[in-house]
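**Q** Turn these sequences into a full structure, and let the hints steer you where they fit.
Residue strings, one per chain:
2 protein chains.
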Amino acid sequence: MKSIVEIAKSAGIDEQHLELYGKYKAKLSDELWEQVKDRPDGKLILVTAMNPNPAGAGKTLTTIGLSQSLNYLGKKTIAALREPSLGPCMGIKGGATGSGQAQILPADEINLHFTGDIHAITAAHNLLAAMIDNHIFHGNPRGLNPKKIVWKRAMDMNDRALRNIVVGMGDGNGMTREDGFMITTASEIMAILCLSENLADLRERLNHIIIGYDFDDQPVRAEEINAVEAMCVLLKEAIKPNLVQTIEGTPVIIHGGPFANIAHGCSSVIGTKMALKLADYVVTEAGFGADLGAEKFFDIKCRKAGLTPSAAVVVITVRSLKFNGGVKVPDLAVENLSALEKGFENVKRHLENLQKFGVPAVVAINHFATDTQAEIDAVIALCQAAGAEAALSKVWAEGGAGGVELAEKVTRAAERPSSFRFLYEEDLSIKDKIETVVKEVYRGSGVVFTPLALKTMQKIEEMGMSHLPVCMAKTPYSFTDRADLLGAPVDFTIQVSEVRISAGAGFIVALTGSLVTMPGLPKKPAAESLYVDEDGQVIGLS
Amino acid sequence: MKSIVEIAKSAGIDEQHLELYGKYKAKLSDELWEQVKDRPDGKLILVTAMNPNPAGAGKTLTTIGLSQSLNYLGKKTIAALREPSLGPCMGIKGGATGSGQAQILPADEINLHFTGDIHAITAAHNLLAAMIDNHIFHGNPRGLNPKKIVWKRAMDMNDRALRNIVVGMGDGNGMTREDGFMITTASEIMAILCLSENLADLRERLNHIIIGYDFDDQPVRAEEINAVEAMCVLLKEAIKPNLVQTIEGTPVIIHGGPFANIAHGCSSVIGTKMALKLADYVVTEAGFGADLGAEKFFDIKCRKAGLTPSAAVVVITVRSLKFNGGVKVPDLAVENLSALEKGFENVKRHLENLQKFGVPAVVAINHFATDTQAEIDAVIALCQAAGAEAALSKVWAEGGAGGVELAEKVTRAAERPSSFRFLYEEDLSIKDKIETVVKEVYRGSGVVFTPLALKTMQKIEEMGMSHLPVCMAKTPYSFTDRADLLGAPVDFTIQVSEVRISAGAGFIVALTGSLVTMPGLPKKPAAESLYVDEDGQVIGLS
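Going down the list, the sequences are from chains U and E.
Mapping of the first sequence onto UniProt numbering: residues 1 to 542, in sequence order.
Mapping of the second sequence onto UniProt numbering: residues 1 to 542, in sequence order.
Careful: at least some of the hints might be erroneous.
Since the list can't tell identical chains apart, any single copy or any two copies may satisfy a pair.
[Said to hold, decoys possible] Within a straight-line C-alpha distance of at most 20 Å, the following computed EDC-like cross-link-like pairs (lysine to aspartate or glutamate) qualify: (1) Lys348 / Glu223; (2) Lys148 / Asp371; (3) Lys356 / Glu462; (4) Lys523 / Asp533; (5) Lys455 / Glu335; (6) Lys236 / Asp533; (7) Lys75 / Asp216; (8) Lys236 / Glu528; (9) Lys37 / Glu426; (10) Lys459 / Asp371; (11) Lys523 / Glu197.
Quick caveat, the hints were computed from the structure, so don't treat them as lab data.
**A** Right under this line is the structure:
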């Protein structure tokens, strides 16, 4: 690893604009933004994916590798990534910092407490929760209906026992009521931090958070219980983007990490904009496959932040193709050309969808050791037949050098004039926006709304917030709302079971099926395999 | 503020041993300890106090000021302090970093997330909690009795609604059972971190934590559910002491901050030992008055860490004297010589107690603007009559220069040969240890144990852990277990309502009366007065 001061220098950042966290991590000062804000933007490349198999597609890996490959080609490039959440590191997932020759460093620290951003969000979230119950305890002057408090508590841990709880039991401990914890990445504050332009914007968004409803069923906002200024105090460092490096010394801005279901799943606007001022190319990613991640990246993040993407990379794997062709997870390493061809229907649909946004797409075939040559040849032929540029990416094994062909194709795509457009206009009704996404992106025949969802949509219209974009919460495995319908299903409807308003973040969440915002731990949690070795190094995370 | 690199240099610490957190905070590397561990120790000065009035006595202020005064006299001095907890900063207390000309900097960052130590402890605590419920969820192979889980959850927030809760409600969310949150400073992990010598010792202590009891009523320890290695991963940075500075540039090691009731209330052994190797004088403090703080500092921290204190400073205030003489809080600013004289009985008892530990004591009269000259003269005369050295301390207004007389008297006391001894031997029975503290320090006539306390003591004997020192949990306002019995009460008994074992920290907690380990917020929380100003500075914390 090079010192972060040196990495910063390579990105044109003077040491005075760094707030160091050890030798290899730094926050970027507010003054840096003032210095660079009038520069022209670099080109923004979105890394997205086909519907993944349960082990993932390698999107973060490809984002990191591609940024290295672009630098390898002499293009000044910065990767803009999400911060890993601690909870999943202790659960199934392990770390979220790439791997092999395409990873960001120091991996263990980034995966653990990093620069404290997520802890700060947890604290701000729970301060608001504590102040809500305290408001009721001390006489409830605002008239909050304790049965209609929608602001829950948060923790960056996978802890199913906290999903549904009863708080305030016992004498002197306030109102007894049902409540629950979500994982911090699902907190609206995480989404807010990632969509804010600066601290003033953050404050304004926090003010707008709806914490619950009063006895007249009118919304009560965070600003009404005087919690927001102290929340800003807790978040004033968390809002500054973090600088780290890849294993090859490419600068990486890593900042924020909202869920890709209940939220939009992209790293922060502040971090992305900073990167665009500092580099010719910025490679960023969005959570899940393109049906969720890319759509929300375009329709929420780009729309709200005024960003124009120049190209998209669709990460596919032979494994994911076979999974989408019906192969079960234990058999994914076995050659299966017919399943692969069948699964490719999934990729074709994503490619067509990206055209609807006017964004040129390149397919990255993320190489696995178990891929056979026949399979790779077949995938490349399928991409060509679909009219898509494709490149085999060996960044895991070879780092930047393993993604040169991909990088070349991406730069050519990005140099074409952009015709980026949104999928829908905001002034459509909520119902029409949801139906547009379902019909145009998922290719469903229609949407079934539950009475509860219809009632909430009505309420949002009444509150004058129906102009906000929609944030779909759906299984990542399928275009449909059923995880087992793989490939490119047709003739299905999507059920919207519930609608929620994230008034501070500025979007309307449409839940399809049930949504768990607090994961559990598996029978053998990843935590059981972690340890600190005799040299003080963390083993088991990367 | 000087850069922390410069402050470190003044303490003889090379930059290579610093892990910087911004320009003004650093963690000290493990290698530094290896380099200095064979040096002779400096002199250890404990700052303690009479029983405080509800606004506190100014112990932290005096600790900081005295360290500055000693440096002013040319004695190389480091202060060793506790880390503030975020929860109380949002509640009544505001910050905990001193004030006026005797404060540590950067106050806002130290009071907020600092270097993330407390967040790391929260995470480790809740990982263990999540793994307990997950263990039961996945078949409960160890046979944990869900009704006898003693490991609760933790949060660094004042949130009374979380004191008593029900977790695991709803299908798929595990065992429904009663639980609760404590504030993180009350976590046994905080006490463990503060008593550990190094990471290996930390691991061993975490292994010994009793998380609950099995169906045969045998203790189940953290090591039995494979949680400890991952907890060490989460704590590997938190165990390193932090370096900051006072407003006059005196180096301060600030590390750990356990409650002074359910735990021993002192900063970390690692930090204290490091400071003793780097300075000629180390000024440290212990929570609450000398009846709790000094006794536990001597009998738990010094005993376990092999530390020998050279002198104690008893902080008194004219206000606290009048409070102990029966004056109510609103009237504390009014001159009242008879109440002052009556309240001085409280100081006399503390001074006698310190003699029992063989530690020379100096009285520091922490000056307030409302003190009249007649009151100050009276206090000095009372100290002289009691045979105690005393000095007026004006460190709040004047910084180090305002405590020169105090510092001179402290150095003279510390140069006398030490005859430090513990109050009791560890091999006494639990009952005898508690009775010794009550009779010798509090001056009660005896102890009444509830049947529950007796049963637990019996169980601790059976588990072979009765040799551990006792950690008294008692109101700080009185020598008795009743907050309203001020001064120097006689003819009272102490009721021990409950006994708990902190097997990892290594002490037996005796609870007198009820103990709240999760504070609440007041009607107008301090959080409502905090804000970030236009220059990005936090207003309302110091």
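**Q** Please name the hints from earlier in the document that this structure breaks, with their numbers sorted from lowest to highest.
**A** Violated hints: 1, 2, 3, 4, 5, 7, 9, 10, 11; rest satisfied.
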